[in-house]
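Asker: One-letter residues, chain by chain:
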Amino acid sequence: MELVIAIFIGLLYASGVYLLLRRSIVKLILGVFVISNATNLIIFLSGGITRSGVSFIGDEAEKASLETMTDPLPQALILTAIVIGLGIAAYILALKYKYFETTGTHDLDQLSKTDQK
Amino acid sequence: MIIALPVFLPLAFMIFAFLFRHFHGREYVALGAAALNLLISVILLMEVNSEGMVKMQMGDWPAPYGITLIADRFSALMVLVSAIVFMAAMAYSIQSVDTRRKSFGFYLFSFGILMGVNGSFLAGDIFNLYVWFEVMLMASFILMSHGGERNQLEGAIKYLILNLISSFFFVAGIGLLYGKMGTLNMADIAQKLMSYETMPPELNPAFILIFVGFAIKGALVPFFFWLPASYHTPPPVVTALFAGLLTKVGIYSLIRFYALFLHQNSEFWQPLILWIAGLSMVIGVITATSQFEFRKVLSFHIISQVGYVVMGLGLFTVAGLAGAIFFLAHNMISKTNAFLVAGYVHRQKGTLNLKVLGDFYKEHPLWAIFFFISAFSLAGLPPLSGFIGKYLLIKAGIEAHQLGIAFTALFVGFFTLFSMVKIWMEVFWKKTPEKSAVPIIKTVLLDDKPVNISWMKWSSGAMAIIIVLAGVFATPIVEYCTLAAESLMQPSDYINFVLKNN
Chain A
1 MELVIAIFIG
11 LLYASGVYLL
21 LRRSIVKLIL
31 GVFVISNATN
41 LIIFLSGGIT
51 RSGVSFIGDE
61 AEKASLETMT
71 DPLPQALILT
81 AIVIGLGIAA
91 YILALKYKYF
101 ETTGTHDLDQ
111 LSKTDQK
Chain B
1 MIIALPVFLP
11 LAFMIFAFLF
21 RHFHGREYVA
31 LGAAALNLLI
41 SVILLMEVNS
51 EGMVKMQMGD
61 WPAPYGITLI
71 ADRFSALMVL
81 VSAIVFMAAM
91 AYSIQSVDTR
101 RKSFGFYLFS
111 FGILMGVNGS
121 FLAGDIFNLY
131 VWFEVMLMAS
141 FILMSHGGER
151 NQLEGAIKYL
161 ILNLISSFFF
171 VAGIGLLYGK
181 MGTLNMADIA
191 QKLMSYETMP
201 PELNPAFILI
211 FVGFAIKGAL
221 VPFFFWLPAS
231 YHTPPPVVTA
241 LFAGLLTKVG
251 IYSLIRFYAL
261 FLHQNSEFWQ
271 PLILWIAGLS
281 MVIGVITATS
291 QFEFRKVLSF
301 HIISQVGYVV
311 MGLGLFTVAG
321 LAGAIFFLAH
331 NMISKTNAFL
341 VAGYVHRQKG
351 TLNLKVLGDF
361 YKEHPLWAIF
371 FFISAFSLAG
381 LPPLSGFIGK
391 YLLIKAGIEA
401 HQLGIAFTAL
411 FVGFFTLFSM
421 VKIWMEVFWK
431 KTPEKSAVPI
441 IKTVLLDDKP
451 VNISWMKWSS
461 GAMAIIIVLA
471 GVFATPIVEY
481 CTLAAESLMQ
491 PSDYINFVLK
501 NN
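One line per chain: the protein sequences are A and B, in this order. To convert, note that position 105 of the first sequence is 105 in the numbering used here; the numbers rise steadily by one, no gaps. To convert, note that position 31 of the second sequence is 31 in the numbering used here; the numbers rise steadily by one, no gaps.
Simulated from the structure, these hints should not be mistaken for lab results. A portion of the hints provided could be inaccurate.
[What the hints assert, rightly or not] Pulled a few chain B residues facing chain A out of the computed Cβ check, cut under 10 angstroms: (1) E27; (2) V29; (3) F127; (4) F141; (5) K430; (6) K431; (7) T432.
We put the CB at the ideal spot given by N, CA and C, even for glycine.
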């Protein structure tokens, strides 16, 4: 299972980088989203993929043993990373909208006004 | 408890600024909060200086499990210097930022940067460090595009994409590191690494990813391209704030990671870091000489000066690290002040193109002196603070038998002087050209220009005085930096202090 997810992460990174290298700003932004999710999956994978019980120890008699318990920390981390990713996604789309309103273009090659002439 | 305040105070101000967006005294409340932050950081520094280290476990969860906030001498000094820089920027902004920007949350997001920066300096947990980086980055993204001018939006897109990629590198590295080590606490990771004879090779991908993340944030060669493409677009005070704080956080984290983790594999990392330091110094300073925009010249110099700090890290001796810490603190203040003067020039002339400026010394001699002090401190002329920083670093380089890097640093110093003299001649000394090839494009950012500029003058003047004082009375600061460097060289103290449970 780990191998499948690892290959999947690799594919996501590859497509993300492909999108980053396109000329259109929309595709660039989509590339950022794809890479962001691939990174979240890396954190997810770092905890190990096991078919196991709940990841906390309750007061009930049915206490999870260390062997059957999943690591709860990556799940908490990934949640944080997803929330941050969501905030950034909202901001970056708003920025793109404003940029399109101001300049009427979404061609990355037009982003040369701030470079040295 | 005092250690949590540099994070909570900006948060409290942000809540206030969000609730009272149209309150007219907001500038002065912001200035007051910045002054309070400065006071807190002085108290923190005194406490750290007497006790060595201060820590706090958030929510009272014990060390490897809960989130640690820790201040040693290095981080306390960084918190203090960023408080000074922030205070100056807040005072400067009162009369240099337009009302529209102020009422759309300029102060809210400035304090977001302060919160992220302070949090990064005090974090003792790598994921927590990532979260503080994101807090700082989100606030800086917004300040970068705040106001929505065309240049700003362009600069913001470049800044945003490259910094996001650096965050992805960093967080992917954290994921891999957690997968191998099973802990996120920096002291715990360092302790586990020490128990190995040699660094396990499966950790290298994680460290390389984290290193690249920090190198992009710290604008090191070859990852610096976002910086000169974006730093000259926002209002001058925002550039000053960014130049003083943002790249320095990346470098701070790199020093912390190197002292705790990477030095255990120093035969790989040390030559790499020295090479990157040398290339950053040379490439930054040489590209700066070809620029003809005030803020762009200074932006390229950030890359070169970050190289000096990393050079001190690459030597990894007590003297080298002490020099690096001193240079980092000096650079935050001098660089910010150089940008503050650039902001004043922009306000008076409406352009920062060196070719069309002139006569500034005749018209505004006081500001010319402020620029003279900060620019020649950057170039390393005695008795200013930059001289002490460069002297310590070069001396440490010669003592460590790294003559190549020491002579590179000397040689780069001459080019820095060349660029600073160029700005001085073009902006302050020469006569304004009557008919110039480049037409002046008035891009004045201010909608209302109050005649009174006393706050701007005071903030820039205070920074200039600090630069002179830090150069003349350098001995106690250098002693403090040496103590900080010694404790960085002894990671076992840090580890024991964090992991010991009260």
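Asker: Does each hint fit the structure? Answer for all of them.
Answerer: To see whether the hints hold, each was checked on the structure:
1. With 10 angstroms as the threshold, the beta carbon of E27 of chain B stays out of range of chain A, its nearest partner Cβ sitting at about 25 angstroms, so the hint is violated.
2. A cut of 10 angstroms between beta carbons decides the hint on V29 of chain B: the least distance to chain A is about 26 angstroms, and the hint is violated.
3. Nearest Cβ of chain A to the Cβ of F127 of chain B: about 6 angstroms, under the 10 angstroms cut. The hint holds.
4. For F141 of chain B, the shortest C-beta to C-beta distance to chain A is roughly 6 angstroms, which falls under 10 angstroms, so the interface hint holds.
5. Taken as an interface hint, K430 of chain B does not check out: its beta carbon lies about 22 angstroms from the nearest beta carbon of chain A, beyond 10 angstroms.
6. For K431 of chain B, the interface hint is violated, the least distance from its beta-carbon to any beta-carbon of chain A being 25 angstroms, above 10 angstroms.
7. For the restraint placing T432 of chain B at the interface with chain A, the shortest Cβ-Cβ distance is roughly 22 angstroms, beyond the 10 angstroms limit, so the hint is violated.
In summary, the structure is inconsistent with hints 1, 2, 5, 6, 7 from the numbered list given earlier, while agreeing with the others.
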